[in-house]
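Asker: Here's the letter readout for the chains.
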Amino acid sequence: MVRIRRLDVRGFRGVQQERSLLFDGKSILLFGENGSGKSSFVDALEKLFTGRVSTLERIQGLSSDRHGPHIRNAGTSPRVQLTFSDAASTAFASDTSPDALPDPIKDYVHCAQENLYILRRRQVLQFIGSQPSERYAQLRPFLPLSGIDDMERALRATRDRAEAIANDARLAFGRLATNLRRDLKLPPSNEPPTEGEAVLAVSRTLEELKQPAICSPEDFEGALQNLDAALAPFGDLSRQSDIASAARVLGELREAVPINAIEELSSALKAMRAKEAEEARVFYEAVLDQGARWIEEEGRNTCPLCEQRITPETTIATARLRLVAMQQLLELRGRARAAHAQAQHVFRAAIEGIERAVKQLAILNSQDRGGSDDLLSRINGTLAEGLAALSVELREVSTEAIDKAREAVGTDAALRQDVAAEEERLQQVLQSLPSPEVAKALVSVRDTIRRVKEAWAELGAARGRMSKAEADLLVASRLQEDAQAARKEEVQRIFDELSEDINTLYTSLHPDENHGGIRLEVRDIGQGSANLRSTFYDRTDEDPRGYYSDAHLDTLGVSIFLALRRWYRRQRPNFDLLVLDDVLTSVDVQHAVRLSELLLREFKDYQLLVTTHDRIWFEHLRDIQARCRVANSFINKIIHKWSIDDGPDISEPEDERTDLERLLAGGSAHEIAAMAGRLFEHLLQEMRYSLRLSVEAKRGEQYEIGDLWPALYKAVRKNYPTLYNAGHQVLEALDVRWPVRNWIGAHWNQWAQNIPRTDAIEFAGAVKELFDVLFCSSCRRFVSPSATPLGQLACRCGKKVYAAPGKQAVLPKTRADLVKETQGAFREAGLDTTLYLAWKSAEARGEH
Amino acid sequence: MTIEERIIAQFMEKIARDKSIPRDTLRRIEALWKQGQLKNADAVLDAIRQGASAHGENPTS
Numbered sequence: 001m002v003r004i005r006r007l008d009v010r011g012f013r014g015v016q017q018e019r020s021l022l023f024d025g026k027s028i029l030l031f032g033e034n035g036s037g038k039s040s041f042v043d044a045l046e047k048l049f050t051g052r053v054s055t056l057e058r059i060q061g062l063s064s065d066r067h068g069p070h071i072r073n074a075g076t077s078p079r080v081q082l083t084f085s086d087a088a089s090t091a092f093a094s095d096t097s098p099d100a101l102p103d104p105i106k107d108y109v110h111c112a113q114e115n116l117y118i119l120r121r122r123q124v125l126q127f128i129g130s131q132p133s134e135r136y137a138q139l140r141p142f143l144p145l146s147g148i149d150d151m152e153r154a155l156r157a158t159r160d161r162a163e164a165i166a167n168d169a170r171l172a173f174g175r176l177a178t179n180l181r182r183d184l185k186l187p188p189s190n191e192p193p194t195e196g197e198a199v200l201a202v203s204r205t206l207e208e209l210k211q212p213a214i215c216s217p218e219d220f221e222g223a224l225q226n227l228d229a230a231l232a233p234f235g236d237l238s239r240q241s242d243i244a245s246a247a248r249v250l251g252e253l254r255e256a257v258p259i260n261a262i263e264e265l266s267s268a269l270k271a272m273r274a275k276e277a278e279e280a281r282v283f284y285e286a287v288l289d290q291g292a293r294w295i296e297e298e299g300r301n302t303c304p305l306c307e308q309r310i311t312p313e314t315t316i317a318t319a320r321l322r323l324v325a326m327q328q329l330l331e332l333r334g335r336a337r338a339a340h341a342q343a344q345h346v347f348r349a350a351i352e353g354i355e356r357a358v359k360q361l362a363i364l365n366s367q368d369r370g371g372s373d374d375l376l377s378r379i380n381g382t383l384a385e386g387l388a389a390l391s392v393e394l395r396e397v398s399t400e401a402i403d404k405a406r407e408a409v410g411t412d413a414a415l416r417q418d419v420a421a422e423e424e425r426l427q428q429v430l431q432s433l434p435s436p437e438v439a440k441a442l443v444s445v446r447d448t449i450r451r452v453k454e455a456w457a458e459l460g461a462a463r464g465r466m467s468k469a470e471a472d473l474l475v476a477s478r479l480q481e482d483a484q485a486a487r488k489e490e491v492q493r494i495f496d497e498l499s500e501d502i503n504t505l506y507t508s509l510h511p512d513e514n515h516g517g518i519r520l521e522v523r524d525i526g527q528g529s530a531n532l533r534s535t536f537y538d539r540t541d542e543d544p545r546g547y548y549s550d551a552h553l554d555t556l557g558v559s560i561f562l563a564l565r566r567w568y569r570r571q572r573p574n575f576d577l578l579v580l581d582d583v584l585t586s587v588d589v590q591h592a593v594r595l596s597e598l599l600l601r602e603f604k605d606y607q608l609l610v611t612t613h614d615r616i617w618f619e620h621l622r623d624i625q626a627r628c629r630v631a632n633s634f635i636n637k638i639i640h641k642w643s644i645d646d647g648p649d650i651s652e653p654e655d656e657r658t659d660l661e662r663l664l665a666g667g668s669a670h671e672i673a674a675m676a677g678r679l680f681e682h683l684l685q686e687m688r689y690s691l692r693l694s695v696e697a698k699r700g701e702q703y704e705i706g707d708l709w710p711a712l713y714k715a716v717r718k719n720y721p722t723l724y725n726a727g728h729q730v731l732e733a734l735d736v737r738w739p740v741r742n743w744i745g746a747h748w749n750q751w752a753q754n755i756p757r758t759d760a761i762e763f764a765g766a767v768k769e770l771f772d773v774l775f776c777s778s779c780r781r782f783v784s785p786s787a788t789p790l791g792q793l794a795c796r797c798g799k800k801v802y803a804a805p806g807k808q809a810v811l812p813k814t815r816a817d818l819v820k821e822t823q824g825a826f827r828e829a830g831l832d833t834t835l836y837l838a839w840k841s842a843e844a845r846g847e848h
Numbered sequence: 001m002t003i004e005e006r007i008i009a010q011f012m013e014k015i016a017r018d019k020s021i022p023r024d025t026l027r028r029i030e031a032l033w034k035q036g037q038l039k040n041a042d043a044v045l046d047a048i049r050q051g052a053s054a055h056g057e058n059p060t061s
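So the sequence lines, in the order shown, correspond to chains A and B. Take the first sequence: its letter number 342 is residue 342 in the numbering used here, and every next letter is one higher. Take the second sequence: its letter number 17 is residue 17 in the numbering used here, and every next letter is one higher.
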């Protein structure tokens with residue numbers, strides 16, 4: 001079995017100088033106050049295996065890369081290395097490629113990368129508090145189903161595509177049905193017409209044209225043949241259309257002859273010319289108008305231009321008359337100009353009409369055309385001549401031109417009769433031909449029946465394609481549903497297995513309580529979701545959050561994690577790491593004892609790293625280790641203190657004593673005092689917990705020798721005379737010498753440089769001696785108050801005992817032993833809490 | 001047997017029992033499974049469409 005031998009961390013999170021957790025293949029119980037760096041080791045493990053610290057990644061603005069390194073670790077990379085317990089002591093660091101590792105360790109690292117072995121205090125309720133889909137996502141790492149995911153994805157894509165094909169087929173069929181109904185003049189509907197409807201509609205149309213009805217769609221072809229036969233006498237139906245068009249164009253030409261225009265031009269031109277002759281003098285409107293106003297306004301009797309004498313009234317009247325005549329001339333010129341433009345326009349339009357008629361008549365055969373060509377040619381010639389005569393400036397339009405145009409009009413007027421006769425001839429030809437309307441109706445029905453016949457045949461094929469596509473869709477849907485059901489059933493089977501284990505764990509934490517029945521369920525809807533149900537008294541199938549207390553939810557959270565971890569272990573038996581980071585203290589006191597026992601009993605074949613910030617629980621777990629017979633597979637470590645420049649101090653007091661021995665042989669005064677001070681502080685911290693020393697509270701609980709020593713000295717002298725007697729010399733010596741540590745061991749003092757080495761040695765010797773008085777090298781525990789008799793101090797194994805005053809030393813008993821031994825007596829005596837307290841008080845007073 | 005193998009086996013059992021899946025399609029899906037092609041949507045759709053000729057048949061035959 002691959003296990004961790006040691007974990008070395010440097011420059012990561014709260015660990016600056018290199019620190020090592022020496023597992024030696026065993027489990028570790030690690031105590032440290034809050035902020036002492038315990039979790040740094042847990043984070044280091046996770047970072048090493050997964051490259052990230054999940055608790056940092058979950059918070060916006062935090063990241064493993066930025067917040068992982070120690071804050072004073074500028075420039076150097078953090079170092080985390082794991083050494084395994086295999087024969088080769090294989091090392092794995094963040095820069096080690098897993099491929100380079102031996103197979104068992106590679107497998108171990110692979111499992112660890114899935115990160116399913118760490119439970120932190122803040123994560124205990126995470127699973128319970130999640131939504132079903134998130135909960136399922138959290139379970140997914142436990143369910144290696146990537147192959148199934150791929151298959152389900154493919155089946156889903158298949159179903160989607162089959163659905164798209166079926167939709168296309170339905171739309172095509174619908175379009176066909178709609179068109180068919182429209183052709184058959186049936187009311188709109190999404191359904192295609194029935195055979196009866198189609199036959200009836202076609203028959204009705206045929207009968208309107210006096211064509212035989214049909215009996216079935218097979219008769220479509222026969223109906224088409226009948227229609228072809230009926231259309232045969234019409235021959236080429238375009239002849240009627242062409243003759244009709246030619247007659248229409250000739251009619252337009254007849255109406256386009258410009259008689260009125262030339263008459264208007266002639267009249268306007270004559271009037272203009274007559275006025276021009278009448279007013280043959282040159283005059284200027286401005287001169288007349290301004291001159292008349294001067295004469296009138298200034299009362300002049302001389303001409304303003306030549307200064308000759310005038311009769312003002314006569315001159316003004318003459319000027320006004322001339323202005324009126326001029327206005328009339330201008331109006332006549334405007335009329336003549338408009339008539340000139342209009343005459344040109346109508347001549348051009350008539351010529352264009354002739355061009356159209358020529359073009360249209362050219363389509364007709366020569367028989368139908370008759371004498372049209374000559375007629376049109378003649379009209380075109382006279383109109384062109386007239387237009388040419390008019391196409392000059394107005395002032396240049398001569399009488400000859402007008403006569404020529406009039407002649408053309410006159411000729412045209414004569415020709416109009418010829419055009420009308422030609423039009424009439426064409427109409428007669430048209431009348432002699434079969435009715436184009438009847439032909440048109442026949443052709444239209446024939447086209448419709450052709451379309452209906454084709455659509456009817458296509459309808460069957462489209463229906464077949466649609467049916468097939470729908471059948472394919474059904475199969476694709478069934479495949480997807482069957483795959484989903486298979487997965488859900490298997491996942492539910494796993495969930496059932498998990499639920500059973502969760503219940504086992506939870507019930508062992510809450511025996512005789514009327515709740516439990518924890519059940520993980522795959523929800524029926526959705527791709528993946530997990531419901532968490534439970535029983536609470538007579539309520540079943542309830543969300544535990546609805547009824548459970550926070551304490552019960554805590555233990556449920558832990559139970560779920562442990563059940564998952566155990567399930568994963570069954571899949572990967574060689575991976576046995578389990579890390580519980582300060583989890584015990586999230587559980588209430590009543591259940592934490594059971595949880596501790598459960599952990600050490602049920603998970604004794606795991607390599608555990610359990611951290612706690614609660615010293616009482618640390619001691620309690622140490623006791624339980626012995627009771628569960630796993631003490632030998634545990635290493636109990638204490639983080640004495642933490643500093644930003646070093647990190648957690650996890651040295652063992654025995655190691656410090658050994659180091660002190662070595663320094664006493666050859667170390668400097670400073671080195672000896674420093675190491676002695678460290679051991680002194682270490683044992684004072686231990687005694688602070690075991691003797692419950694009364695120390696004045698300090699912020700951050702960072703107590704130093706100056707805080708702890710007076711409390712210990714006072715407590716020993718007052719409460720533990722036997723211990724005082726055994727160690728009074730060293731106690732008194734230290735009461736004098738303890739400042740030496742600060743003078744030369746902890747701080748730089750100029751005056752302290754002259755303190756002799758012998759003083760440091762005496763201080764160190766006293767510390768060493770006190771350590772030996774308080775620490776048992778057999779059970780590796782400091783002495784602590786025995787449960788009974790009151791006032792006795794003893795180590796765990798009982799080899800070091802300081803009896804209570806006036807009493808014989810007795811082997812220490814645990815609380816559990818006492819309860820077991822006295823339970824019956826208490827019950828018979830009918831003791832209650834009041835009597836118990838009275839009894840303990842009497843014991844303290846030395847009474848019996 | 002891994003979890004995935006168990007799920008696939010259950011899936012094949014289900015479709016074998018499913019009367020709405022033509023036998024010919026079933027055979028083609030089984031062949032795809034053996035070829036590791038059940039992750040290929042094109043191949044699955046082809047199997048369904050080719051097996052669709054069996055739609056006209058009695059699917060249980």
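Honestly, the hints are just simulated from the structure, not real lab data. Even glycine gets a Cβ: it sits at the ideal position worked out from N, Cα and C. Be careful, since some hints might not be right.
One-sided excerpt, in silico: chain B residues whose CB lies under 8 angstroms from chain A [to be verified]:
(1) T25
(2) Q35
(3) V44
Incomplete in silico selection of chain B near chain A, CB under 7 angstroms [unchecked claim]:
(4) M1
(5) E4
(6) R6
(7) Q10
(8) F11
(9) K14
(10) I15
(11) D18
(12) I21
(13) L38
(14) K39
(15) A41
(16) L45
(17) I48
(18) R49
(19) Q50
Asker: Going back to the hint list, which numbers does this structure go against?
Answerer: 2, 4 and 19
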